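Chain B: place on chain A using the hints.
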Amino acid sequence: MDESIADENFILARKRDALQLRASLIQNIRLFFINNNFLEIETPVRIPAPAPEEHIEALPSGDWFLQTSPELCLKRLLAAGYPQIFQISKCFRAGERGKLHLPEFTMLEWYVTGFDYQQLMNQCEEMIISVANDLGFAHGLVCQARQINLASPWERVTVQEAFEKYAPATLAEALSKDNFDEILVEHIEPNLGIAQPTFLYDYPAQLGALARLKQSDKSTAERFELYIGGLELANGFSELTDAQEQRQRFVRAQKLRAQKGYAAYPLPEKFLSALENLPASAGIALGIDRLAMLFTGAASIDDVVPFPPETL
Amino acid sequence: MYTASELKKGLRIKIDNDPYILTEFNFVKPGKGQALYRCKLKNMLNGNQFERTFRSVDTFETADLREKKMQYLYKEEGKYCFMDNETYEQIYLTEEQMDDAKNFLMDNIEAEILLFEDKAIGISLPNFVDLIVTEAEPWAKGDTVSGATKPVKVQTGYTIQVPTFVNEGEKIRVDTRTGEYMTRVKG
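Chains as they are written, first to last, in the working numbering: chain A, 1 to 312; chain B, 1 to 187.
Chain A with its partners taken away, still in its complex shape:
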């Protein structure tokens, strides 16, 4: 046998168990949503106007772009009266490559009319526990030789509390010194979801571009992230339904992007118009590759996909 083919077969053979578990994982997720009366949707992967966000770069595709998330199209469906929808699709983000990042990755998104972010956290918990049971992980997951107990209820910590508990600075200090992201990755994330999964919630308003602000505290967005074993898995929030406010936020993000020399996207006008009719709802995006990493005990995202870009 040719040496390079022998080596490629060797690497692919080592992934067999992980790829099998990944396939079962996706099948069980799909079943969970179908059984709970969700409609599966396929929105276009090529879109003319991605949501302008300060730190997310879309890949150009002709005059259009590859979706960074199916969020805008899915919310147009919500606004048109589809109450419970989900999608499992490829998303693309330029320049994202590391042990936990692929520039092309698989995302699960789902939206529920009438829910807020707290109810969505409950449902996210329910979905992962149900899938874990189906896959034979009822007793929990093993991550870096430590047992993670999946039994409900999961830990819920506000961003403010997490700073008090784990960080060398308060949340206010981190925001004023512009080192929120650094403190999050160095001091907070490694402590999240260790004994059991953790929802980190109530983010500073400026860190939830499409999220509703709290009624009782306009400096806080109703946004959460799920962490299991220190790994960030999902981002969800109560949807902002104020079209005018959303337009202002997009314009602000466009300005920040322009200052940094990033590509300009047209404003997603059809989405903004649809937002006028968006009912109170909540939505969440979950990284399927990372969830597969957790179930297979993989140390790198490369271990749960057959062909990382460098092998093509």
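Hints are not guaranteed to be accurate.
Dumping the calculated DSS-like pairs for lysine-lysine here, alpha-carbon to alpha-carbon at most 27 Å [unchecked claim]:
{"no.": "1", "chain 1": "A", "residue 1": "K15", "chain 2": "B", "residue 2": "K9"}
{"no.": "2", "chain 1": "B", "residue 1": "K9", "chain 2": "A", "residue 2": "K165"}
{"no.": "3", "chain 1": "B", "residue 1": "K69", "chain 2": "B", "residue 2": "K79"}
{"no.": "4", "chain 1": "B", "residue 1": "K171", "chain 2": "A", "residue 2": "K15"}
{"no.": "5", "chain 1": "B", "residue 1": "K150", "chain 2": "A", "residue 2": "K99"}
{"no.": "6", "chain 1": "B", "residue 1": "K32", "chain 2": "A", "residue 2": "K99"}
{"no.": "7", "chain 1": "B", "residue 1": "K40", "chain 2": "A", "residue 2": "K177"}
{"no.": "8", "chain 1": "B", "residue 1": "K75", "chain 2": "B", "residue 2": "K8"}
{"no.": "9", "chain 1": "B", "residue 1": "K9", "chain 2": "A", "residue 2": "K99"}
{"no.": "10", "chain 1": "B", "residue 1": "K32", "chain 2": "A", "residue 2": "K255"}
{"no.": "11", "chain 1": "A", "residue 1": "K270", "chain 2": "B", "residue 2": "K32"}
{"no.": "12", "chain 1": "B", "residue 1": "K171", "chain 2": "B", "residue 2": "K69"}
{"no.": "13", "chain 1": "B", "residue 1": "K79", "chain 2": "A", "residue 2": "K99"}
{"no.": "14", "chain 1": "B", "residue 1": "K75", "chain 2": "B", "residue 2": "K14"}
{"no.": "15", "chain 1": "A", "residue 1": "K99", "chain 2": "A", "residue 2": "K255"}
{"no.": "16", "chain 1": "A", "residue 1": "K218", "chain 2": "B", "residue 2": "K32"}
{"no.": "17", "chain 1": "B", "residue 1": "K32", "chain 2": "A", "residue 2": "K214"}
{"no.": "18", "chain 1": "B", "residue 1": "K9", "chain 2": "B", "residue 2": "K68"}
{"no.": "19", "chain 1": "B", "residue 1": "K8", "chain 2": "A", "residue 2": "K260"}
{"no.": "20", "chain 1": "A", "residue 1": "K99", "chain 2": "B", "residue 2": "K171"}
{"no.": "21", "chain 1": "B", "residue 1": "K32", "chain 2": "A", "residue 2": "K177"}
{"no.": "22", "chain 1": "B", "residue 1": "K153", "chain 2": "A", "residue 2": "K15"}
{"no.": "23", "chain 1": "B", "residue 1": "K150", "chain 2": "A", "residue 2": "K15"}
{"no.": "24", "chain 1": "B", "residue 1": "K79", "chain 2": "A", "residue 2": "K165"}
{"no.": "25", "chain 1": "A", "residue 1": "K90", "chain 2": "B", "residue 2": "K32"}
{"no.": "26", "chain 1": "A", "residue 1": "K260", "chain 2": "B", "residue 2": "K32"}
{"no.": "27", "chain 1": "B", "residue 1": "K102", "chain 2": "B", "residue 2": "K42"}
{"no.": "28", "chain 1": "A", "residue 1": "K177", "chain 2": "A", "residue 2": "K255"}
{"no.": "29", "chain 1": "B", "residue 1": "K102", "chain 2": "B", "residue 2": "K14"}
{"no.": "30", "chain 1": "B", "residue 1": "K8", "chain 2": "A", "residue 2": "K15"}
{"no.": "31", "chain 1": "A", "residue 1": "K214", "chain 2": "A", "residue 2": "K255"}
{"no.": "32", "chain 1": "B", "residue 1": "K119", "chain 2": "A", "residue 2": "K99"}
{"no.": "33", "chain 1": "B", "residue 1": "K42", "chain 2": "A", "residue 2": "K99"}
Simulated coverage check for chain B against chain A, where a stretch passes if three residues somewhere in it have a Cβ under 8 Å from a Cβ of chain A [what the hints assert, rightly or not]:
{"no.": "34", "stretch": "24-31"}
{"no.": "35", "stretch": "35-47"}
These are computed hints drawn from the structure, not numbers from a lab. Since the structure is predicted, the reported quantities are computational estimates derived from the model, not experimental observations. Where is the CB? At the ideal position from N, CA and C, for every residue including glycine.
Okay, now just chain B, sitting in the frame of chain A:
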């Protein structure tokens, strides 16, 4: 000059007049947050290590390092002696300065000796070296796709994990930066 996104494991940069090597490099990006580069750096002079997180906008000076081809002569009292075959100048490296290179050091091999301000501080082997497998369990025929590995010993005495189809007497290519098996080589 490098920007943070150009950093990678093994790259050498200058910080506060000392040369540093990146021993670990991880791209991280918290949800909706900015791209960050978590690095472990090792001072190439004193071996001190520290961790630091950089942003895409951070830039780094290139370390002014020079490499000189020298031949490995012998090892004595924990020091490795190399000679410049043109000037007959000899230099010594400590066990620590040799680092993982000692696993791949063959007799009389020519290696790049690393000089920082004309002082020998380390060694840099080619990224890939071809080594003969000197000890290996025989291969159970037909087992080409199991993905299993086995340990074998190579000519330098180093033990390495390889696919089960690799046999004693065969030559294998090893990545000296990771110490990992790459592929078999003919001849």
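**Study point:** Numbers of the earlier hints that this structure fails to satisfy, in rising order
**Key:** 2, 8, 13, 14, 15, 20, 24, 32
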